[in-house]
Amino acid sequence: MKVNPVSEHFVSDKPFDPNSIEQIDPEQERLYLASQWRLMWWVFKRHRLALFCGVLILLMYLSILIAEYLAPYALKTRHTDYIYSPPQPVHLFHEGEFIGPFVYGWGYELDMDKLLRNYSEQRDRVYPLSFFCHGDPYEFWGIRQADLHLVCAPEGGVLFMLGTDRLGRDMLSRIIYGARISLTIGLLGIIVSFLLGITLGGFAGYYGGWVDSTVQRITEVIRSFPELPLWMALSAILPVTWSPLWVFFGITLILALLDWTGLARAVRSKLLALREEDYCMAAELMGARPTRIIGRHLLPGILSHLIASATLSIPAMILGETALSFLGLGLRPPITSWGVLLNEAQNINVVAIYPWLMLPVIPVIVVILAFNFFGDGLRDAADPYKH
Amino acid sequence: MAYYIGRRLLLMIPTLIVISFIIFVIIQLPPGDYLESYVAELESQGESVDPGQIAALRSQYGLDEPFLVQYLTWSTGMLHGDFGYSFEYGLPVTEVVGDRLFLTVIISLCTILFTWLIAFPIGMYSATHQYSWGDYGLTLLGFLGLATPNFLLALVMLYFANVTFGISIGGLMDPQYLDADWSWDKLMSVLQHLWIPVIVIGTSGTAAMIRRLRANLLDELHKPYVVTGRAKGVPPFRLLVKYPLRVSLNFFIADIGSMLPSIISGAEIVAVVLSLPTTGPILIAALQSQDMYLAGSFLMFLALLTVIGVLVSDIALALLDPRIRLEGVRTS
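Just so you know, the protein sequences line up as chains B and F, in that order. Going by this note's numbering, the first sequence wraps up at 387, each residue one higher than the last. Going by this note's numbering, the second sequence wraps up at 332, each residue one higher than the last.
Please note that a few of the clues may not be correct.
[As the list claims (entries may be wrong)] Facing chain B, according to a computed beta carbon distance under 7 angstroms, are these residues of chain F, among others:
(1) Met157
(2) Tyr159
(3) Ala161
(4) Val241
(5) Tyr243
(6) Glu268
(7) Val307
(8) Ile308
(9) Ile315
[Stated by the list, open to error] If you anchor each label on the Cβ, the simulated ranges turn out as follows:
(10) B:Ile353 - F:Val69: 51 to 57 angstroms
(11) F:Gly81 - B:Arg292: 49 to 55 angstroms
(12) B:Pro239 - F:Val163: 55 to 61 angstroms
(13) B:Ile191 - F:Glu65: 52 to 58 angstroms
(14) B:Ser213 - F:Pro235: 25 to 31 angstroms
(15) F:Gly233 - B:Arg38: 45 to 51 angstroms
(16) F:Ile308 - B:Pro239: 55 to 61 angstroms
(17) F:Gly77 - B:Pro239: 43 to 49 angstroms
(18) F:Gly90 - B:Ser213: 53 to 59 angstroms
(19) F:Val163 - B:Gln122: 29 to 35 angstroms
Keep in mind the hints are simulated off the structure, nothing from the lab. We treat Cβ as the ideally placed atom computed from N, Cα and C, and that holds for glycine.
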């Protein structure tokens, strides 16, 4: 019998399984079952620079917990014999011989013509650095007395790796202590502005109508203001009699009061779209209160975006504090922040003669760059379903 | 078009009223007033003050009126050009403000131009060479500008300009022109001094602008019409300039609105460091000595400048981009 060539085609012997198309391999299953946060983490992890910056930021925030331990000297220790000392080099080799990190003796001669102290190394004296050593006493977390330092001045010598200021205080220690204020002000400020932005933006987006237009107008007015002059005006209000701690909170609040508008706009525009969703209607029909619908059903969906944009506005706050303190309108000594430190570098003499007083600007730049890259990475990862 | 502009102008009015009210509240908030601190200062110097004279001054400036009455006097005064009286200078506010505000406007305009000039080629390069070393390097440079505090950059440039070029760049003109009338020489002197503040203020805005131009251009470059053009053999540069660049140009105009507040902020702080005769230093002094009408008017002018700037950019955008006019109202 002749076989029809057209019908002669391959037929598999295997039993037919109609569900085979539905089955997925373990790799896909992992992807489908992952939570939103896990997906975000996978995307974020691929962004090497952002990951690195995130770790850096984390380390910096951890360092403020143990600032006393990391700093070679206590905050208020003064070395009246070493005023305006330039950064002191740390060496590894002495006359070709390796002895680990050490400093030479440190002395100065007065230049009576220019009225300057010329510091120089005294090569005959070698002071190896000691680590995990006992130095200036401090009160750790306000609970117990301690005097352990990561590195301290060698016996009989001094250690000013970043120089000293006009009162003979070690710059490195002051920068490490300054991180406390400068970093927390950004974090506290963003928390306040985050709450304000979510609440106001949430109500505006959910209710619409006159609530929406009121909030819209307020944000418009605030955004049309040049920030710095308004900050200056507001910080001029803070009474001079306030204690430094209250001034700190006052400044934080001022920075936050002008910052929430961006977040509020983002929340509002997202909620305007989300509230039309069926699950929102369902919640409404079941009698959920507006606050519950916003907080429980709507906000979690956009939280990742909000966190990303909040991260991106922390740098502005840190710079704001620095600028205000630099102008003398923000924090004042005895509070030590990077802005307060830079306030002493206000003078052209400093650039010419004591340039190391400008060193606090380096941590400022590093933190701001790190927050920007970290925030960029977060923003890209915030929408994991996009890819 | 006329409808659009009219609508925008009408919307400005309530905004300005609210702004003026906020400003007045802020300048009123510190306890005491200028006369009180003035009296305290005189007494600390051992001079006696005649209480009657103070009371007369107080009623002359309306300082003992209730809050709302003071606000109404101030705000209605502004409508016919009377901005109040500066205690510190003993002059009407308009005379103190005049030139300084003008110079602030000049600096702001130059800074915007500078930002465009820098951001434009860099953004173009970054978008066309995405993920290349050049892209990364230039982006990093932009971010460095963003992260460096303005005031410190100003200080360092002040020093280096002095050391390397031997010019003194503090101030905005050579000393001999300070009180002179405007002339060609004075203008040249201003231009010579202008570049430092412009660069310093511009650096912070440039990074953001580069990023946005890059993102905008990348969006456009991936559209089918670009592929079509390339397939038909249009040279790459011509193809870039002809359409994608034009489309992303719109946002340069739109961006003025969001740039202006930050530029004016930057101008203030840089002005303090470089002792420019703009609004910065005098505003700080006025705030500290509670010279309330002077401080209030400055804040008001700066806000007005921003609001007008945003308006101009919106109108320019509506003229340039027909899509906006068709939508009638811009949503942002």
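Tested hints:
no.: 1; hint: Met157; in the structure: 10 angstroms, violated
no.: 2; hint: Tyr159; in the structure: 4 angstroms, holds
no.: 3; hint: Ala161; in the structure: 11 angstroms, violated
no.: 4; hint: Val241; in the structure: 29 angstroms, violated
no.: 5; hint: Tyr243; in the structure: 26 angstroms, violated
no.: 6; hint: Glu268; in the structure: 5 angstroms, holds
no.: 7; hint: Val307; in the structure: 5 angstroms, holds
no.: 8; hint: Ile308; in the structure: 10 angstroms, violated
no.: 9; hint: Ile315; in the structure: 16 angstroms, violated
no.: 10; hint: B:Ile353 - F:Val69: 51 to 57 angstroms; in the structure: 54 angstroms, holds
no.: 11; hint: F:Gly81 - B:Arg292: 49 to 55 angstroms; in the structure: 54 angstroms, holds
no.: 12; hint: B:Pro239 - F:Val163: 55 to 61 angstroms; in the structure: 43 angstroms, violated
no.: 13; hint: B:Ile191 - F:Glu65: 52 to 58 angstroms; in the structure: 40 angstroms, violated
no.: 14; hint: B:Ser213 - F:Pro235: 25 to 31 angstroms; in the structure: 50 angstroms, violated
no.: 15; hint: F:Gly233 - B:Arg38: 45 to 51 angstroms; in the structure: 47 angstroms, holds
no.: 16; hint: F:Ile308 - B:Pro239: 55 to 61 angstroms; in the structure: 35 angstroms, violated
no.: 17; hint: F:Gly77 - B:Pro239: 43 to 49 angstroms; in the structure: 29 angstroms, violated
no.: 18; hint: F:Gly90 - B:Ser213: 53 to 59 angstroms; in the structure: 44 angstroms, violated
no.: 19; hint: F:Val163 - B:Gln122: 29 to 35 angstroms; in the structure: 31 angstroms, holds
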